[in-house]
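A.B. asks: Since the structure of chain A is provided, determine the placement of chain B on it from the hints.
So the chains spell out like this:
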Amino acid sequence: MIRKCLLMTLVVMLTVSLGANAAAQDDMETYVLGVVLPFSGNLGTFGQDFARGVELAVSQVNAELEAAGRPIRFEIASADTENTPEGAARALQTVVQTTGAQVSVGPLTTSEVLGAKQFADENGIVIVAPASSGAAGAIPGDNIYRVIYPPDVFASKAYANIALERGHENMVVLHLDDPFGNGMNEGFTANFQAGGGGEVASFAYTPGATELSSEAAAVSAALAGFGDNAGFFCVCFLSGAQAFLQVAQIDPILTSVQWMGNEAMTAAEILADSGHAQTLANADFITVSFSSESTPLTQIFIDDFTAMFDKEPGIFTNYAFDAANIAMLTMLAAGNDGAAVKSMLPFIANHYIGTAVQAFLDENGDQAIASYGLYMVSDDLSAFDEVGAYNGNTDTITYN
Amino acid sequence: MPTALLVTSVVNTIQIGSLYALMALGITLTFSVIRLPNFAHAEYVTVGAFAALIVSLSGEVNPIVIMAAAFVVGALVALVSHLVVFKPLEGRNVSLYTLILSSFAVGLILRYILFMIADSFNLFDTRIRIPLQIIYREGALILTNVFAWVAPTSIALVLLLTLLLNGTPLGREMRALANNISLARVIGIPVERVKNYTWILVGGLAGVAGALWGLQTAVSPLMGWVAILSVFAAAILGGLSSFSGTILGAYVVAFSENTVMLFLNFNFGVDLAYKPAIPFFIIIVVLLIRPQGFTELFNRSRDLQR
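Chains as they are written, first to last, in our numbering: chain A, -10 to 389; chain B, 20 to 325.
These aren't lab readings, by the way, just hints derived from the structure by calculation.
In this text the structure is predicted, and so the values were computed from the model without any measurement.
Be careful, since some hints might not be right.
[Unchecked claim] Listed below are the simulated SDA-like cross-link pairs for lysine to any residue, each with C-alpha atoms no more than 25 angstroms apart in a straight line:
id	chain 1	residue 1	chain 2	residue 2
1	A	300	B	140
2	A	300	B	148
3	A	300	A	261
4	B	106	B	198
5	A	300	B	138
6	A	300	A	66
7	B	106	B	194
8	A	300	B	139
[What the hints assert, rightly or not] According to the in silico footprint, chain B covers these stretches of chain A (three or more CB under 8 angstroms from chain B):
id	region
9	31 to 45
10	207 to 213
11	218 to 232
Every residue gets a Cβ at the ideal spot worked out from N, C-alpha and C, and that includes glycine.
If we strip away everything but chain B, and leave its shape as in the complex, we get:
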């Protein structure tokens, strides 16, 4: 494998892995605190991307403003979906399967609303108006402004989230919910309020991830859905309860899809069209061999153990 190809693939791994991490953390958080494998998460990502696109089309080119808009809209949509669908269903003590199905339904409804918006305002396959610029070039190593936004923003948000969970009262309350929701209720933790904040956080992070994903590619109503399998693979690899494991899982998935795939293509002629099979492969292998994922590799006391 030529050095240039290796370097490019590693840069891609970092960039895409950071985005997967940002998206997968929301899934881990929802699964741990809300106890829902939320498939509508894909659409929160897409909603964020569309919010970013619309703001950028209005003439705004400051990525911070664009990402802030994506956070707000993503958070709002996630909170509304909780209040309108998931909370009433939880109140009726429905099974987990019903909740999973309802998350699919919420995702589908959001997706088709986005299709209607995209059609009405001619937003199909439109790009966020931030031009790509090279900020560093040394041999085969090329870094762009998108990389400079994607990687540090994702890492910073991941660190902030970790700090929030481990160093704030809200974080402690979230962890209490993740450990034992009944006990949390008994000791006076405002469960519904904590859940609301969790949804806001989950939707906001997904929204920012969507904005950054939109910088990487074009915005379309299906973009979140297309990425969600890789994101779930990352979350499952992380054991669905460990932030550190989820982040590591995200980079492993991105590494497999980029560097490993290119290695296999270059050396053994494996078709790149098999790339979408990698997340499936990872999910099946992890579930069969190591269902706990990377959880046990990290300090359990600070994770969202249940």
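Only chain A is shown next, with the shape it has when bound in the complex:
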């Protein structure tokens, strides 16, 4: 009899205990954070590193939520954009329809962001884009927030100012044939000519091209046609920059003019080739890059990332980390609802200090703080040294 009672008591205790656990589990709410990035394609290396940045942010926020006893956890749902606009639309749709995600970190590039835009706008999905900067993405009232990197209207103006300061009468531009490259080219040309510059000859190349000898020959011929006081401006991603440098480094015209280029040309892989590094140094290559000013979080992020993944974060990876944090903080405040997130995100972003700089959004939902550094190849060709700064908000360049 006693044994039976004891057994019954144990069964009841076990049932109650399991029930309590189940109730606790039921109370736990899961918010899905979409991660829509190029895991394959030419920017696969960036996409994969960006995803790690998001993973770190999610693990940290989840740890804080657990420590605080809050019944909310974030989960990541990833999809590959394949670095194409159509792929981005497909990836966002997949994540949303399979997981119910209301917010996505990424896509990466402006062409991908614009590819996913229609689906996001029509379905109330909020895109927090960590690195898109193309002028074509600056659209008021849409569901896209480019919270870290300022739009290229500032950078294109900075490049035009530098070209004019350097005394270039005419310019040749090689640019990606996508919204980022076309936007930068158009912005640069307009600002250069508005500032008194002369002709601008532009050559577009297809994203993903691995061989640019024709383009280099065309740029060289255009520079030769302009004669003295012409400069060259390269707007490309890393693989394009490498392909171009490989052929340009032996061209007598291209190696005798001054160069400017976007910040993808400052990747470590470029300086790893001594010929490429020397070419850029000889050409007084200068780039305008979003300010690398450190905040108290910068080193902490690098240390945490290295500890978690056993490798240092790649270039711009902290932007993904910051974008994920802004997205999650907004979801914690607004709930897992796209419309509420859209409404609250500017407020949260404007009160967020990240690993690079404070976010402050303009009427288009884009970063409004346009603080850039100017970089040139160091004397020993081992790094890019900061040689000055550009304040996009006041349109002023200062050199160290």
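C.D. replies: Only chain B this time, still in chain A's reference frame:
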């Protein structure tokens, strides 16, 4: 069109055309002997480039060693893909469409394995460590050490392949397979062994082409795939059964992409971004107007006629 631009574009045509020829010959060989338009060929090229990159990163700067490594790895991967995928499928008498689809699948699997390797070892957009040097300069004519490796190596390998096909027992057996595989089997040709050698040759050549392509540009998991359309255009232009036609096709495609494109850009303002459309244009025109390509321009008796 200025002379300097013309000279540069012709040098580029020779350099890139030689690489296309090397890659396209493998496609022609596979199509003729194995009877498969193999889209995984692009990945054999990329595998070769990665093998070359890894060897060069280990400190080796001798291009012959680098190319030998690329040949071995490319050959091995091609042979394994034959033994593991294509041969079992052939044994089940699947249709050509199934084989083509499986070649896409093999290519995708290889590509994503390369993505994983590149990610794990930080090999994205890395260059083979052979510095570019000018070896000859006269006016607008500039030749580099890469040109000196690419053009002669491609031409030498093409000649060797032609000699192999026309002057060795293995070559005769390959041609017999290309002409009539059933008859070849009946007269006692070891069909499977010849096929194995063909795959080794195809993969090896693609591997060397990848190493040389890697000297020209940066190594990435997509480099072969990006080039494959131009290479297929060259092979189709060559009629998919003629070595001589394939080589001529490769130079025609490279000439169109470089000299013709620059001519159109310089004189008529045609955007260089249209360059990737050229291979499509060539393929469609050839298939519509002259499906046999350049085949009939050359001596048919020595080609891989079916």
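A.B. asks: For every hint, state whether the structure bears it out.
C.D. replies: Going down the list of hints, with the structure as the test:
1. The hinted pair formed by residue 300(A) and residue 140(B) meets the criterion: a straight-line CA distance of about 11 angstroms does not exceed 25 angstroms.
2. Our distance criterion of 25 angstroms between C-alpha atoms is met by residue 300(A) and residue 148(B), whose separation comes to about 23 angstroms.
3. About 18 angstroms separates the Cα atoms of residue 300(A) and residue 261(A), which keeps this hinted pair within 25 angstroms; it holds.
4. Restraint check for residue 106(B) and residue 198(B): satisfied, since their Cα atoms lie roughly 19 angstroms apart, inside the 25 angstroms limit.
5. The hinted pair formed by residue 300(A) and residue 138(B) meets the criterion: a straight-line CA distance of about 11 angstroms does not exceed 25 angstroms.
6. Taking the CA atoms of residue 300(A) and residue 66(A), the gap is about 23 angstroms. The hint holds against a cut of 25 angstroms.
7. A C-alpha spacing of about 19 angstroms is found between residue 106(B) and residue 194(B), which places the hinted pair at or below 25 angstroms, so the restraint holds.
8. For the hint linking residue 300(A) to residue 139(B), the alpha-carbon distance of about 10 angstroms falls within 25 angstroms, and the restraint holds.
9. Evaluation of the coverage hint for the region 31 to 45 of chain A: fulfilled, as 4 residues show C-beta separations to chain B shorter than 8 angstroms, against a requirement of three.
10. With 4 residues bearing a CB less than 8 angstroms from a CB of chain B, the region 207 to 213 of chain A meets the requirement of three and the coverage assertion stands.
11. Only residues whose beta carbon comes within less than 8 angstroms of a beta carbon in chain B count, and the region 218 to 232 of chain A has 4; three or more means the coverage holds.
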